[in-house]
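Those sequence lines, one after another, are chains W and G.
For the record, in the first sequence the residue sitting at position 168 is 168 according to the numbering used here, with numbers rising by one throughout.
For the numbering used here, add 442 to where a residue sits in the second sequence, where the first one is 1.
To be clear, the hints were calculated from the coordinates, so they are not data collected in a lab.
Glycine included, C-beta positions come from ideal geometry on N, C-alpha and C.
Errors might be hidden in some of the hints.
To be verified - Pair ranges (Cβ atoms, derived):
no., chain 1, residue 1, chain 2, residue 2, range
1, G, Arg733, W, Gly191, 22 to 30 Å
2, G, Arg967, W, Ala401, 17 to 25 Å
3, W, Ser426, G, Arg967, 39 to 47 Å
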Amino acid sequence: MSTVDTDTIAAVATAPGRGGVGIVRVSGPLTPKIANALTGRKLPPRSAVYCGFRDGEGAALDRGIAIHFEAPNSLTGEDVLELQAHGGPVVLDMLLGRVLSLGARRADPGEFTQRAFVNGKLDLAQAEAVLDLVNSATRQAARGAVRSLSGEFSKHVHAIAHEVLELRVFCEGAIDFPDEDIDFLSESDVGERLASARKRLSKLRARARQGALLKDGLNVVIAGAPNVGKSSLLNRLSGEDRAIVTSVPGTTRDTLDADFDLDGMPVRVVDTAGLRDTGDAVETEGINRAHRAMAAADVVLWVVDDREAGGSPGGDACTGAATIIVRNKADLSGRRPGSISPGAVRICALTGEGVDALATEIKQAAGYRAGEGIFTARARHLDALAAADTALAAAAERLVANYGELVAEDLRDAHDHLGAIVGRVSADDLLGEIFASFCIGK
Amino acid sequence: MTLHSETYDVIVIGGGHAGTEAALAAARTGASTLLLTQSIETLGQMSCNPAIGGIGKSHLVREIDALGGAMALATDAAGIQFRTLNASKGPAVRATRAQADRTLYRKAIRHMLEAQENLAIFQQSVVDIEIRKGRVEGVLTAVGLEFSAPAVVLTTGTFLGGRIHIGLSNHAGGRAGDPASNALAERLRALPFAVDRLKTGTPPRIAGDTVDFDRLKPQWGDEPCPVMSFMSDGSEHPRQVPCHIAATNAETHRIIRDGLDRSPMFAGEIEGVGPRYCPSIEDKVVRFADRASHQVFVEPEGLDTNELYPNGISTSLPFEVQFALVRSMEGFERARITRPGYAIEYDFFDPRGLEPSLETKAVSGLYFAGQINGTTGYEEAAAQGLLAGLNAARKVAGSAPWTPGRHEAYLGVLVDDLVTLGTNEPYRMFSSRAEYRLRLRQDNADLRLTPVARELGLVDASRWRRFEAKRATIERAAAALKATRLTPGSDLCARLEARCGETVAKETNLFDFLKRPGVTAADLRAAGAVAADIPAVALEQVEVQAKYDGYIRRQDREIAKLKAQEAVMLPAELDYESIEGLSNELKEKLSLAKPRTLARASRIPGITPAALSLLLIHAKRLTGERGKAVRPEDRAPAREAAPAGERAARRSA
Ligand SMILES: Cc1cc2nc3c(=O)[nH]c(=O)nc-3n(C[C@H](O)[C@H](O)[C@H](O)COP(=O)(O)OP(=O)(O)OC[C@H]3O[C@@H](n4cnc5c(N)ncnc54)[C@H](O)[C@@H]3O)c2cc1C
Ligand SMILES: Nc1nc2c(ncn2[C@@H]2O[C@H](COP(=O)(O)OP(=O)(O)OP(=O)(O)O)[C@@H](O)[C@H]2O)c(=O)[nH]1
Ligand SMILES: [Mg+2]
Chain W
1 MSTVDTDTIA AVATAPGRGG VGIVRVSGPL TPKIANALTG RKLPPRSAVY CGFRDGEGAA
61 LDRGIAIHFE APNSLTGEDV LELQAHGGPV VLDMLLGRVL SLGARRADPG EFTQRAFVNG
121 KLDLAQAEAV LDLVNSATRQ AARGAVRSLS GEFSKHVHAI AHEVLELRVF CEGAIDFPDE
181 DIDFLSESDV GERLASARKR LSKLRARARQ GALLKDGLNV VIAGAPNVGK SSLLNRLSGE
241 DRAIVTSVPG TTRDTLDADF DLDGMPVRVV DTAGLRDTGD AVETEGINRA HRAMAAADVV
301 LWVVDDREAG GSPGGDACTG AATIIVRNKA DLSGRRPGSI SPGAVRICAL TGEGVDALAT
361 EIKQAAGYRA GEGIFTARAR HLDALAAADT ALAAAAERLV ANYGELVAED LRDAHDHLGA
421 IVGRVSADDL LGEIFASFCI GK
Chain G
443 MTLHSETYDV IVIGGGHAGT EAALAAARTG ASTLLLTQSI ETLGQMSCNP AIGGIGKSHL
503 VREIDALGGA MALATDAAGI QFRTLNASKG PAVRATRAQA DRTLYRKAIR HMLEAQENLA
563 IFQQSVVDIE IRKGRVEGVL TAVGLEFSAP AVVLTTGTFL GGRIHIGLSN HAGGRAGDPA
623 SNALAERLRA LPFAVDRLKT GTPPRIAGDT VDFDRLKPQW GDEPCPVMSF MSDGSEHPRQ
683 VPCHIAATNA ETHRIIRDGL DRSPMFAGEI EGVGPRYCPS IEDKVVRFAD RASHQVFVEP
743 EGLDTNELYP NGISTSLPFE VQFALVRSME GFERARITRP GYAIEYDFFD PRGLEPSLET
803 KAVSGLYFAG QINGTTGYEE AAAQGLLAGL NAARKVAGSA PWTPGRHEAY LGVLVDDLVT
863 LGTNEPYRMF SSRAEYRLRL RQDNADLRLT PVARELGLVD ASRWRRFEAK RATIERAAAA
923 LKATRLTPGS DLCARLEARC GETVAKETNL FDFLKRPGVT AADLRAAGAV AADIPAVALE
983 QVEVQAKYDG YIRRQDREIA KLKAQEAVML PAELDYESIE GLSNELKEKL SLAKPRTLAR
1043 ASRIPGITPA ALSLLLIHAK RLTGERGKAV RPEDRAPARE AAPAGERAAR RSA
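Starting from the given sequences, assemble the full structure and let the hints guide the process.
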């Protein structure tokens, strides 16, 4: 078997939502071991077994169906475990967490599909489709990464990575240049610096866990011409009387947002000023803001009046985000509310008819494709921070025992994990840093 | 018209550190080999510093030794001061450094060359390499002699287009006292290789009888005296002498600053890039202006000469400035310079044009090794030479090439870095380049490489017997420790707890107990926990294994991943420019490097997991067959070489 990676990967394979069954999928060599630990039994291949899923202490997390597909007769060509659970997103998260604690790692975007391809589970004709998938999954992951990396979070990760780099400069310098008349270790006080980096990292993790820095949730922006019913839709989606609604075109001036929960998926919905040419300075500014909001959107709801022809946003209103055409005021056009085609729905914001169909469209557009959507970026960042933390703790322990080369090894590990978020530093870059910091060489 | 012609399996051009190891390795595997060099007197000549080893470098020397090479043995025969570096740190980063007597070193190398079966040595400068239809056929020498061979290893060091600078005057030269190889350089520039310039420098040498040693700090070698080779026990060493430590001062720095306008580096006369870690003294004074003093190691050049090598003041300033700066140092007030320091610029070939076997991609059968690949240092050169010589011989014998992986040897790291990343300064080995350095220790170079060296035909029976015996004792020691139970409350347990200040809460074994930071193998011995017949070397080896156990297992997982990626070949015809989704910068780097495997691609700076996925998918599309990439194992046939005698018999004159 020729895979690129020997890791065992896992992800929630269904769109999050309270209703129905959620699936966690696991693929890779550790799968049988994980299945065993989780279900407490040896699963017969390819049969659905109804059983309990246990946590580390043996207590039940949930009950559900487990199916073990043996390599190579599986989706990916590797050993695959499918766990179907009843619980909502919280339980699924716990289940995934348990699988990760048993040695799997979170799947990268498109990774299941990629493994399937590598292992000959997809034929050559499907290669194009796979390329598209990887391309789009990485674009989405990049969007996700940019979103969770924006501003403060990335600043903090960079700062910690830099502290670790400096530590490595001292430790590697001491190892590679023992004959220099520089005392790398005491000059730098590695212990203190290490403690400081750890403190910063655990603070950052705590804040990130509370969600203070990493906004997750889908960013949905409502846009369209004036008076088509955008503010009415915001109120309808959020279930609050949040925005002013009047029959005067140009009512909404500033952008306005509301948070709501779409079947367990956190969503931030943004109402914007209606787009049109205007001489009004305040309205012009509002329209500029609307464009900016659209540029940052994951999903744009392009609202049009159902009585009018046409639909798709044009010109400036085109963004890279997924776009759903929302044909509003179905009561006035007399047409039936509901799904029209993929990416287009008809609703009545006044009565709420068709909004369910819109919700389904939003979930689709959010890119939940077998756990490969944009939200994994945030989770992966948190995993990376946790791994870096563990490595720094090990470094501190080794420092006390005075094992310089093991401290260096743990620091390399920590640096690699942080590098997974903000970019890795090569051995040559590290050496460059050493030569820039110290006068080395004879 | 050809005056004379001979045919060999392998021809090696150049008798430096790369060339001698290449010739020896090829001949060891049974190939009839010819070593052509400018001068037999300079075989094994150290162009610069009279020292072998150091961090990262002694690792290479031990690997050369484990592969049956000459460098470690020659160092043991010529070393006049030996030290263990990083002795207070862990075993993975410990290294050995030896000061060598130049004359003894040359003698040792020459002796091994002359004693080697299947090897002929001939003194001639090569002026042309004959190539037909993309294959090498032989070489032509300065006086018109022709030598044919299906494999040629080029190891001409700093000699190609060499230009020596002292102050603002410069002249052609391969190193002080030797002519440059300009005809050959011209010829090579016309071939499809990417040529660029690098520079390096050397300090002035000083007459020892003009130095006041009483005012310098002596530095003696270590006791007991370390050895380089697995086969040595220290009895090979000649008389040991000390080095001395001197220092520059404010006056030295003033003299240097005043002379900068006549420095070829600062005046822009030199276009080649020098190494960051081996700066000239003028570089150090300028870049670290706040330093009041720089250390200078005063190293003896040999036992029967009083010439000294002042390590730390490499310079290309004009001679009068060199003279003044030397005399400004304490203890050097009356010092006389015997040879001026200089900088040298030379041609090197972008090593990304090489296969991991060190065969050039452009010319079949032509191998490059040593300084011409952009490296610096005797050890780096020798290691490459051995590999190139071996692979040249294997090619002629119809066997698959062999190159160790990054997880197997520093040699693997060296070659992989060169062929994947190229270099824009003289490349020197450092332990921080080896991500798996906890496994790649100098103490286990033999365990890592001698078994495969034996299969490759590089190792003789006596070394093999000794190696097998050592390996068996280590295995026995490890098994004994693992089998000895440590039960809380037992006598043995109480003794060990008292000795190490540890507590044993639940039953364990000695091997696991040894993993604890506070426990040493010596403790086990002192507490009577190990049998007396387990030798110290074996016990030490087991101690290292225990201490690094968890880390090594983590690295093993990384290595498994690496191997999986190594198994995915990227077809040579892959057109990176046309891959949508790769950044332009990456496209350029990939097109230059043309990585052979996904693993190599993964080490190109700036590559992302997503980009790797794209490469993988495009590669798979190209290879056509569904889900089946060509794996190196499929290509690599058996490692057996033809019997030595039979191949030697094919040699014709
Ligand atoms: C001035 C100077 C300073 C240096 N400074 C350092 C330093 O600070 N640190 C460090 O680590 N290393 C230094 N080195 C580098 C070190 O000397 C080399 O890395 C090492 O010797 C390279 O080995 P090699 O076998 O590749 O080439 P070399 O040792 O240069 O050997 C080349 C051989 O090829 C032969 N040859 C050349 N042309 C021909 C031809 N046309 N036909 C036949 N034979 C030919 C030569 O006679 C010679 O035997 C320095 C070298 C020089 C010259
Ligand atoms: N009949 C009917 N009227 C609607 C519907 N949706 C909105 N309206 C009415 O259309 C008018 C404009 O609604 P808004 O929600 O303010 O429209 P808007 O797009 O936010 O307008 P601007 O903020 O001015 O750009 C109001 O009078 C709403 O009551 C609908 O589905 N049916
Ligand atoms: Mg409005």
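### Query
Between Ser426/W and Arg967/G, is the Cβ distance one that fits in 39 to 47 Å?
42 Å, holds
#### Entry: Distance restraint evaluation - Arg733/G, Gly191/W, Cβ atoms, bounds 22 to 30 Å
Taking Cβ atoms as reference, Arg733/G and Gly191/W lie about 26 Å apart, which means the hint holds.
### Query
Taking the beta carbons of Arg967/G and Ala401/W, is their distance inside 17 to 25 Å?
Given range 17 to 25 Å: holds, Cβ gap about 21 Å.
Violation of the numbered hints given earlier is absent; every hint is satisfied by the structure.
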